[in-house]
Amino acid sequence: DQQVKQNSPSLSVQEGRISILNCDYTNSMFDYFLWYKKYPAEGPTFLISISSIKDKNEDGRFTVFLNKSAKHLSLHIVPSQPGDSAVYFCAASPQGGSEKLVFGKGTKLTVNP
Amino acid sequence: DARVTQTPRDKVTEMGQEVTMRCQPILGHNTVFWYRQTMMQGLELLAYFRNRAPLDDSGMPKDRFSAEMPDATLATLKIQPSEPRDSAVYFCASGLGTGAGNTEAFFGQGTRLTVV
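For the protein sequence lines, the chains are A and B, in the order given. No gaps in the numbering here: position 48 of the first sequence is 48 in my numbering, and each next residue is one more. No gaps in the numbering here: position 29 of the second sequence is 29 in my numbering, and each next residue is one more.
It should be emphasised that the hints constitute simulated quantities derived from the structure, not laboratory data. Heads up, some of the hints might be wrong.
What the hints assert, rightly or not - Taking beta-carbon pairs under 10 Å as the criterion, some of the chain B residues facing chain A (in silico):
no.	residue
1	Q6
2	T7
3	Q37
4	Q41
5	Y48
6	R52
7	P54
8	L55
9	G59
10	M60
11	D63
12	V89
13	A93
14	A105
15	F107
16	G108
All residues carry an ideal CB built from backbone N, CA and C; glycine is no exception.
Could you put together the complete structure from these sequences and hints?
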């Protein structure tokens with residue numbers, strides 16, 4: 001039973017355009033959400049996070065939006081660059097002080113020059 | 001440049017052999033995680049430690065897997081005996097946990113294990 005779902009295995013966008021990566025979760029106990037980026041043969045790298053008390057967090061070209069009622073979050077990358085091509089993982093951790101992260105299966109983003 | 005270091009990067013072993021994977025967390029981090037990545041399951045948490053004490057190993061097959069932290073600079077994950085279904089990339093990650101959650105985990109480059 002996947003508690004964190006990334007329903008799009010892949011996404012392709014043109015350089016300069018917006019990339020939108022989506023993530024849905026089922027566990028209402030999740031209260032902290034993160035996005036990681038992973039290049040081939042490397043470990044995931046933390047990108048951006050958001051607490052459930054917020055609905056938006058921005059860091060440069062990256063913005064994460066959280067819709068708690070829909071149990072949905074998204075990562076927006078604007079403008080997209082070829083170097084953004086990677087696999088993006090959505091992750092969530094539950095309330096109560098646990099550091100356990102539950103990951104989605106990832107979305108492979110390809111940004112075409 | 002602080003980073004999590006994992007050894008070996010690649011390991012090929014025969015079924016039934018013992019495998020030991022090592023991890024050096026980032027200096028000062030008190031929380032260490034072991035994750036396994038497979039095509040089917042994605043990234044799964046196997047176990048994690050805070051201040052060297054195991055907090056959760058519910059994701060780990062107990063009969064053949066064991067995870068330890070002999071000291072603050074070394075975490076190990078052992079599989080004995082190994083089986084072909086254990087083939088995966090094993091990631092170690094570390095973070096500065098406060099017990100209040102919301103810990104960003106910093107990942108190593110992983111150990112690619114192939115059991116033949």
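Hints, verified against the model:
1. Q6: holds (8 Å)
2. T7: violated (13 Å)
3. Q37: holds (9 Å)
4. Q41: Hint on B:Q41: holds, closest Cβ of chain A at ~8 Å, below 10 Å.
5. Y48: Since the shortest Cβ distance to chain A is 7 Å, the answer is holds.
6. R52: violated (15 Å)
7. P54: With Cβ-Cβ at 13 Å, over 10 Å, it is violated.
8. L55: holds (8 Å)
9. G59: holds (9 Å)
10. M60: violated (13 Å)
11. D63: Result: violated, 22 Å to nearest chain A Cβ.
12. V89: holds (9 Å)
13. A93: OK, holds: B:A93 within 10 Å of chain A, min 7 Å.
14. A105: holds (6 Å)
15. F107: holds (3 Å)
16. G108: Hint on B:G108: holds, closest Cβ of chain A at ~5 Å, below 10 Å.
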